[in-house]
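Colleague: Residue numbers (numbering that gives the first Met the number 0), protein chains in the order written: chain A, 0 to 440; chain B, 0 to 406.
These aren't lab readings, by the way, just hints derived from the structure by calculation.
Any given hint could turn out to be false.
Below are the BS3-like pairs computed for lysine-lysine, each with C-alpha atoms no more than 27 Å apart in a straight line [as the list claims (entries may be wrong)]:
id : chain 1 : residue 1 : chain 2 : residue 2
1  : A       : Lys313    : B       : Lys276
2  : B       : Lys115    : A       : Lys70
3  : B       : Lys56     : B       : Lys16
4  : A       : Lys290    : B       : Lys276
5  : B       : Lys115    : A       : Lys292
6  : A       : Lys102    : A       : Lys192
7  : B       : Lys211    : B       : Lys56
8  : B       : Lys276    : A       : Lys192
9  : A       : Lys174    : A       : Lys140
10 : A       : Lys430    : B       : Lys16
Okay, the calculated bits of chain B under chain A, using three or more residues with CB under 8 Å as the criterion [to be verified]:
id : segment
11 : 16 to 22
12 : 276 to 285
13 : 291 to 304
14 : 345 to 359
Under 7 Å between C-beta atoms, here's a sample of chain B residues computed to sit facing chain A [as the list claims (entries may be wrong)]:
id : residue
15 : Thr29
16 : Ser171
17 : Leu172
18 : Asn186
19 : Ile258
20 : Ile288
21 : Arg310
Glycine residues also receive a C-beta, built at the ideal position from the N, C-alpha and C atoms.
Given next are the chains, with one letter for each unit.
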Amino acid sequence: MLFYYLDLALRAIWRNRALSALMVLALSVGIGACMTTITVYHLLSGDPLPGRSETIFYPQLDGDPQHTDAKAPWDLLDYRTAVDLAQSGPASRSALVVSNASKIDAMTGTVPPFVGQLLSTNADFFPMFDVPFAFGGSWSKDDEVHHARVVVISDTLNKRLFQGENSVGRRIKVKSESFEIVGVLAPWRPQPKFYEVAGGAIMRDSASTFYGKVEDIIMPFATSVELNRGDFNAWYCWREPTAGADLTRTSSCLWVQLWVQLPNPEAVAGYQRFLEGYAGQQRDLGRFDVKPKVRLTSLAQWLSYNGVVPDTVKLQVAMAFAFLLVCLCNTVGLLFAKFSGRGAEFGLRRALGATQAGLFWQCLVEAAAIGLLGGIGGLVMTLCGLMVVRRQPFSYADLAYLDLPMFISIFVMSIVCGMLVAVVPALRAAKTAPALQMRSE
Amino acid sequence: MTYMYMSPIFTALRRHKMPVVLIAAQIGLTLAVFCNAAYLLSDAVATVSVQSGVSDKELGLAKITACDACQASDINARALNFLRRLDGVSAVAVVNTVPFSSRQADFGIRLDQASKRETASAHFYAVGPDAPKVLGLELSAGRQLTADDFQPAKGALPSNANVWVTQALASSLWPGQTALGKDFWVNQWHFTVVGTMRHLVRPEFELQPRFKADWSVIVPMQPGSGLYGTYVFRASPEKLAAIVNTVRSELGRVIPGVIVDEDNTRTMSILRTEYFKGDVSMISILATIVGATLLTTVLGIVGLTSFWVSRRRRQIGVRRALGATRFDILQYFLIENAFIVSLGNLVGLASAYALNLGLMQLYELPRLPFLYLPLGVLMMLLVGQAAALGPAIRASSIAPAEAIRVI
Numbered sequence: 000m001l002f003y004y005l006d007l008a009l010r011a012i013w014r015n016r017a018l019s020a021l022m023v024l025a026l027s028v029g030i031g032a033c034m035t036t037i038t039v040y041h042l043l044s045g046d047p048l049p050g051r052s053e054t055i056f057y058p059q060l061d062g063d064p065q066h067t068d069a070k071a072p073w074d075l076l077d078y079r080t081a082v083d084l085a086q087s088g089p090a091s092r093s094a095l096v097v098s099n100a101s102k103i104d105a106m107t108g109t110v111p112p113f114v115g116q117l118l119s120t121n122a123d124f125f126p127m128f129d130v131p132f133a134f135g136g137s138w139s140k141d142d143e144v145h146h147a148r149v150v151v152i153s154d155t156l157n158k159r160l161f162q163g164e165n166s167v168g169r170r171i172k173v174k175s176e177s178f179e180i181v182g183v184l185a186p187w188r189p190q191p192k193f194y195e196v197a198g199g200a201i202m203r204d205s206a207s208t209f210y211g212k213v214e215d216i217i218m219p220f221a222t223s224v225e226l227n228r229g230d231f232n233a234w235y236c237w238r239e240p241t242a243g244a245d246l247t248r249t250s251s252c253l254w255v256q257l258w259v260q261l262p263n264p265e266a267v268a269g270y271q272r273f274l275e276g277y278a279g280q281q282r283d284l285g286r287f288d289v290k291p292k293v294r295l296t297s298l299a300q301w302l303s304y305n306g307v308v309p310d311t312v313k314l315q316v317a318m319a320f321a322f323l324l325v326c327l328c329n330t331v332g333l334l335f336a337k338f339s340g341r342g343a344e345f346g347l348r349r350a351l352g353a354t355q356a357g358l359f360w361q362c363l364v365e366a367a368a369i370g371l372l373g374g375i376g377g378l379v380m381t382l383c384g385l386m387v388v389r390r391q392p393f394s395y396a397d398l399a400y401l402d403l404p405m406f407i408s409i410f411v412m413s414i415v416c417g418m419l420v421a422v423v424p425a426l427r428a429a430k431t432a433p434a435l436q437m438r439s440e
Numbered sequence: 000m001t002y003m004y005m006s007p008i009f010t011a012l013r014r015h016k017m018p019v020v021l022i023a024a025q026i027g028l029t030l031a032v033f034c035n036a037a038y039l040l041s042d043a044v045a046t047v048s049v050q051s052g053v054s055d056k057e058l059g060l061a062k063i064t065a066c067d068a069c070q071a072s073d074i075n076a077r078a079l080n081f082l083r084r085l086d087g088v089s090a091v092a093v094v095n096t097v098p099f100s101s102r103q104a105d106f107g108i109r110l111d112q113a114s115k116r117e118t119a120s121a122h123f124y125a126v127g128p129d130a131p132k133v134l135g136l137e138l139s140a141g142r143q144l145t146a147d148d149f150q151p152a153k154g155a156l157p158s159n160a161n162v163w164v165t166q167a168l169a170s171s172l173w174p175g176q177t178a179l180g181k182d183f184w185v186n187q188w189h190f191t192v193v194g195t196m197r198h199l200v201r202p203e204f205e206l207q208p209r210f211k212a213d214w215s216v217i218v219p220m221q222p223g224s225g226l227y228g229t230y231v232f233r234a235s236p237e238k239l240a241a242i243v244n245t246v247r248s249e250l251g252r253v254i255p256g257v258i259v260d261e262d263n264t265r266t267m268s269i270l271r272t273e274y275f276k277g278d279v280s281m282i283s284i285l286a287t288i289v290g291a292t293l294l295t296t297v298l299g300i301v302g303l304t305s306f307w308v309s310r311r312r313r314q315i316g317v318r319r320a321l322g323a324t325r326f327d328i329l330q331y332f333l334i335e336n337a338f339i340v341s342l343g344n345l346v347g348l349a350s351a352y353a354l355n356l357g358l359m360q361l362y363e364l365p366r367l368p369f370l371y372l373p374l375g376v377l378m379m380l381l382v383g384q385a386a387a388l389g390p391a392i393r394a395s396s397i398a399p400a401e402a403i404r405v406i
C-alpha cells in the first residue's frame, strides 16, 4: 500500500513541479539557516570541560570600599589575595592565571624575535583543566618554589619555531632570559578560553573576545612575576597605586585570576568559609578598610554570568528562527492550497471506496516526501552555512563545525519539520466527503 | 462598485481559510523580521560609518614594542628621524594611540577636586608636539596648543595640562555652558580646557554606548618615558601603502632590539577596515536574512496566487463571458492580495513589537522607532502587489471560451 501511495505522491509532486520545488527549497533554506545559527550557538555555549566543570570554581574577593554591589564583586584579584588563597586555600588544586604580551626569541636564527602571549600559572593548571601534552609535561612544584626558568609551549608555537618536532630540552628566550622547554602541548582550543573570562557582566558585547587562542608560552607564575618585575596590565585599580609599576605591592590593583578544584559540596562549603574568614582577617590586619565582599561561583555560573555567548549569535538564532517559521508557513500554506485543489481527485477516490484513513495516508506520504526532501536540503544548506560562517572574521569562526549531536539533531529537526508540515494539510484533505466533492466540480 | 469586487473575494477566501491564514501569518512574520532587521542594519551601518575626527585616508601608524634596556628618548629620536625622512611623509608625531587602535587610557572624570564622584569616563589621548596638525583634528572653539602646553608626564599624564575635549564630552560635562576655561580632575591630575574639537572617536568605541563614542580628551605631553613607541604620520593617500611597507621592514633595523608591532603598523584606512570587520559581516548576515525572508514570502505569494488562478480558470472564463473586462479580473486578484497582505500586516505589527521587546532584552537595543512600522507595512503591500501582478495578468488573459472547456 505504501508503495502505491508513494507512486501517487511522486506523480502529484511531478504534476506541480514548480510548486513542489518551491516548497522543498523554502523548507531547506529555512532549516539550513536555523540549524547553522543553532550549531554556532551550541558550540559557543557548550561545556568547555565536560565531566569535570562542576568541580571547578572561581573565587572572588573585593576590598574596594566604594564598590558596594555585594552580588558582583570585582572580577579579578589583587596579587596578595590571589597568592594567599592559592597557597593556603583548602582546595584540591588551584591555579593562578594571568596573561601578558612578551618578547619571544627562539634563538634558532630562522624566525626573528616576535611579541607573543605569555600565560603565567601554576602546575595544577594542566591536570585541573585536563590540558593535553604532545611531548614532555608540566613543571614540578619544586620548580615553582625555586622560580625555575622552565616553560611549556603551545602546539602552534612548536610548529612555528621547531616544525612540530619534540622540542623538550631546547631553550627559548622570553624577554631577556633563557628558558628550558619542559613540555609541548598537543593542539588545545578550549571554547571559550574559559580560564581568562572576566568583565563580561560589566562590558556588554565583549563576548567575542573570549574565543581567542591559547597563549604561546606557559610558565610558572612565580617565575613570571620575577621576570616581569611585577609589570603586568592591571585589569582595574580602585585606588591609584602608590608603588609604581610593581603590581605585586598594591592591594588596590586587580590583575590575577584564581581557579580552584573542589571535589564535593563539603569542600565547596569549606572553601566558602575559608574565603569569609580570610576576608575578615585581612580587614583586621588593616590591608582593607572594609571587610571584602567574597563570592565563589562554579565554572558554568561564571561563564553564564559573563555572557560568553555573544549577543550577535543569539540575535542570529532569533532571526533564523523567525525565518524558519516564515518558511514553514509558506510550505504548509502551499500544501493546503495544493490539497484543497485536488477535491475532485479525492472525491473520486472516496467514491471508489478509499477510506478517510487511506486518503490521509496518501496525503501524508506526499507531504512527508516533500518534508524529507526539504530536510535533506536543509542538511546540505547547514553544511554550506557553516562553511560561510568559517569564512567570517569572528574570533570563533574556526570552531564552526558540525559535531555528532548536532548532526543528529539536524536530522531529527528536519524530519519533525517535514512531518509538521505534512500532518495538518493531510488531515484536512482526508475529511473530503465523497458526494460533495463530486458535485462541486 | 468596490463591494461588488469584495463579495466574491470574501466568498473565495472563506473557502480557502487555511492557506489564507498561513500566508497572512507568513506576511506578518516577514514584516516583523523586516522591521527589526532593518533597524539593526541601520544601527550597524551607523556604527561603521562613524566619523573618527581624524584624517583617516592620509594617516599611517607605526608601533614598536618590547625593548628591555632602551631609552625612551633615544627611541623617539630615532623613530621620528627615520619616519620624517621617508619619501612622501609630510609630518610625524608621537601619540599614545589613535582611533581604531588599542585603548590606552580610559579614566573617570571628576568636576570637583575634593569629591569622589566621577561624572563621566573618557579616553585620554596623550600626544606629542605637532600631533593635532598631523591627525587633522578640527577645533570648534578655543585656541591652538603652543609649545608650552606640552609638559612632561607625572605618572601617566602631566599634573597640570591644558587640554582639548570633544564637543560631545563638553556638552555632557557642562551642559549649556562653554567648556573653555573649565577645570576637571582625574586621580591627582588636573586639566584645564582650552579648546573643543568637533569629533574624536575613542579607540574601541563600540564597547561603549553610542552616545559615549565621542568622549575623548587630547592631552598635550612631552614625549619621553611615558610617551614613546607609537607614531602617527601623514602622507599622501597614494603613497601611504608603500610607506607603511617600508616602515614595517626597516623600523626594526633602525632601532636595534625593538619589535615592530605589525597589527598596529598599518595605514589608518586598514586599521579602520579591520576594526569594523565583524560589523560588516554582521551587516551582510542581516541583509541576507532579510533578503531570504522577503524572497520566500514573494515566492509564496506568487505560488499561491498562481495556484488559485489555475484552479479558477473556469470561473474567470464565466465572468469574462458575462462581461467582466480584463482589467476587472486583474483588479480582482490584486484586491484579493491587498486584503490578505493587510490581514498579515495586522499580525505583523503585533509580532514586530513582540520581537523588538525580545531583542531589547537580548541585545540592549533601544525601542524600534515608530517610523519603521508604517514603512514596513507600505513595503509589504507593494511587495505583495508586485508578487501578485504576474499571476493576475495571466488570469486576466484567460479567454471567455475557458468557461465551456471541460477539464
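Colleague: Now look at each hint and say whether the structure bears it out.
Modeller: Structure-based check of all given hints:
| no. | hint | result |
| --- | --- | --- |
| 1 | A:Lys313 with B:Lys276 | 19 Å, holds |
| 2 | B:Lys115 with A:Lys70 | 23 Å, holds |
| 3 | B:Lys56 with B:Lys16 | 60 Å, violated |
| 4 | A:Lys290 with B:Lys276 | 45 Å, violated |
| 5 | B:Lys115 with A:Lys292 | 21 Å, holds |
| 6 | A:Lys102 with A:Lys192 | 22 Å, holds |
| 7 | B:Lys211 with B:Lys56 | 24 Å, holds |
| 8 | B:Lys276 with A:Lys192 | 22 Å, holds |
| 9 | A:Lys174 with A:Lys140 | 23 Å, holds |
| 10 | A:Lys430 with B:Lys16 | 15 Å, holds |
| 11 | 16 to 22 | holds (count 4) |
| 12 | 276 to 285 | holds (count 6) |
| 13 | 291 to 304 | holds (count 8) |
| 14 | 345 to 359 | holds (count 3) |
| 15 | Thr29 | 6 Å, holds |
| 16 | Ser171 | 20 Å, violated |
| 17 | Leu172 | 21 Å, violated |
| 18 | Asn186 | 5 Å, holds |
| 19 | Ile258 | 5 Å, holds |
| 20 | Ile288 | 5 Å, holds |
| 21 | Arg310 | 5 Å, holds |
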